[in-house]
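**Student:** The chain contents come next:
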Amino acid sequence: MEQTIISLKNFIPECVLIVTILVCLLADLIVRKKSAVVAVIGIAGLFVSGWFVIGQFGVKESVFFGMVVIDPYSVFFKLLFIVSTVFIILFSLASKEIKDSTHTNEHVYLMISLTLGANLMASSVNMLMMYLALETVSITSYVLAGYMKKSKRSSEAAMKYVIYGAASSGIMIYAMSLLYGYTGSMNIFEISSILSKMGGTNPMLVIVMVMILAGFGYKISSVPFHFWTPDVYEGAPIPVTGFLAVTSSAAGFAVLIRFFSVTFLKSTTMLNGSLQIIDGIRWTEIIIVLSVASMIIGNFVAVWQMSFKRLLAYSSIAQGGYIMLGLVVANQQGLTAIFVYLVAYMIMNLGAFYALIMISNKLNSDDINDMKGFAYRAPAVAVGMGIFMFALSGIPATVGFVGKFYLFSALIESNMIWLALVGMMNSVVSLFFYIKVLKYMFLSKPDEENSGKIYYGIAGYVLLFILVIPTLLLGIYFGPIVRFAEMSAVMFGLK
Amino acid sequence: MIYYTILFYVFAVLAVATAFYVVFAKNVIHSAFALFGTLFAVAGLFVLLNADFIAITQIMVYVGGILVLMIFGVMLTTKIADIDIHTKNLNRIPAILFSTGITVILIFILFTTKWNIKPQVQNQETVSQIGKLMLTTYLLPFEIASIVLLVALVGSAMYARKTK
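One line per chain: the protein sequences are A and B, in this order.
Using this note's numbering, read the first sequence as starting at -6 and increasing by one per residue.
Using this note's numbering, read the second sequence as starting at 74 and increasing by one per residue.
There's no promise every hint is true.
Cut-off 25 Å, straight-line C-alpha distance, at most; resulting in silico cross-link-like pairs (BS3-like, lysine-lysine) [as the list claims (entries may be wrong)]:
(1) K235/B - K92/A
(2) K235/B - K145/A
(3) K235/B - K142/A
(4) K190/A - K99/B
(5) K89/A - K355/A
(6) K99/B - K153/A
(7) K27/A - K235/B
It is worth saying that the hints were derived from the structure and are not from the lab.
Quick caveat, the model's predicted, so the values are computed rather than measured.
Take the sequences, apply the hints, and build the full model.
**Tutor:** This is how it looks when you write it as structure tokens:
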């Protein structure tokens, strides 16, 4: 009883989110039509929750009987999720697809539920809680992917997503049951100490790792669990696609990194800081394979895409591969690099998706062919898109460069030069398809029949500007995010 | 003890056999009724594990609730009751190879791993223990499960609602 009350004190941000979900639900029932009120309530709730999350910085505590922990690592991810949800709710207000759908305001509180699930994914240290949090995120994203009920593509996306999701989380929970059967515990710290005693040479552990990766890898859309990504990205409304690319996959990374770094760590080295992996367990090698495959397949297949959403889908598969490179390093520096990259990833992806919303609101299409000469019709939006595309490919003086720079230098310092080289080669390939979009926008003349100027409301430009500024500013003045990442790269129970 | 073993194999064979029928039956109604056998046999396995409460829940929720609802659903939508479902697979040979491979690996693991087997305990009352655990150790998962259900409810209502 007492522990529950103490736990609740450390659980205020999530409680605020739950209250926000309920208030939005009621407000939606009262308003009964499309209205910005529900979105405003939702954003206010997210801000309050974010304020409490900031208050948790520096806390290192295990709450709710070892189900979740509050540590700088989870605080970082919670802030990331809350900021991106605020942006995504703003995007959904601007999106024509959401406006034209037959629903009222359900997306607002569904998105906040997804944030709640993502927060729990970032902080859970118990396999049961990890699975439940993952399911919260998954079920919400299935609903959101099929949000446009009248669109066939959207229903197809939801259906494919459900089937892949059910299969992969089934595989994952089976692996968790094997691990439980072997160790008799669901808490990852206990599992780590039991495995440290028993040694890691059991072939079962390899199977468990691969099968658990099927669940987590599906969330981060890593090859070979990526088949759903292009179809779902194409079918879902763009704000939802952006949400899946940013929040849902970052949440996948949060739980993946914590699970692998804690569970298979020698428990005796947890507190002295040397952090060795249990002998015989070679999870980093599995991650290397997945990471290289994700980068190569993501980048090379993206080259052929003519649908902007599919292009961004393959681009996010590839970006996931880069982030996994940081995990391969498996030390403090790698984690810092991942955090820097995630901040960059969030900013540039949100920007790219918002620019795409602005474009497709007017063109009613996400085909790159239709964007011919867009720079002549709406120069500001095209320039904004250009900046985000350069950032995604990692050109210097943008935030994307800082992310890649830290990742590759972490790799080089731990003597994995060939991996850094593979990553750099892939960046070069990625440059090709990111620039391809700009070629269509800037170098081709618009077709005769639609060459009129396109205007947007002032709010649209302001939001675009808010996203362009950090993309450029943090590319030059990146001290703050690096310091923030260094402070956050501390997990509960590890020194 | 011999009865225990016999009962275990009876339930296990029943569960697997009916599960096969669920997958391969060409008629949805047949599948649904076969599922009844699967769920019931699993409830029997729970009883053998001394998990009486879970066994009852399994029967009440799955057999009594979900399955009946499913059969109702099938019967109310008359069209799908008569349709032959295609249980064919496009990539039959790769699928067979893949799943046989996985089965072999899993069976290999099953027999080579030294599982953490707890000693058999005397049959105790489980309901009160479950109640205590749900309000202490597993309080958070219990509460979060309700959020998951709320989301699922909102989602299904959203899809099922008539559009204007």
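**Student:** Now, for every hint given, state plainly whether the structure supports it.
**Tutor:** Do the hints match the structure? See the list:
Taking the CA atoms of K235/B and K92/A, the gap is about 18 Å. The hint holds against a cut of 25 Å. At most 25 Å may separate the alpha-carbon atoms for a hinted pair to count; K235/B and K145/A meet this at roughly 17 Å. This hinted pair checks out: K235/B and K142/A have alpha carbons roughly 11 Å apart, not beyond 25 Å. A threshold of 25 Å between alpha carbons decides the hint, and for K190/A with K99/B the separation of about 51 Å lies outside it, so the pair is violated.
Restraint check: the Cα-Cα separation between K89/A and K355/A comes to about 9 Å, which is no more than 25 Å; the hinted pair holds. Between K99/B and K153/A, the direct Cα distance comes to roughly 23 Å. Compliance with the 25 Å bound is thereby established for this hinted pair. Among the hinted pairs, K27/A with K235/B is consistent with the structure: their alpha-carbon atoms are about 17 Å apart, no more than 25 Å.
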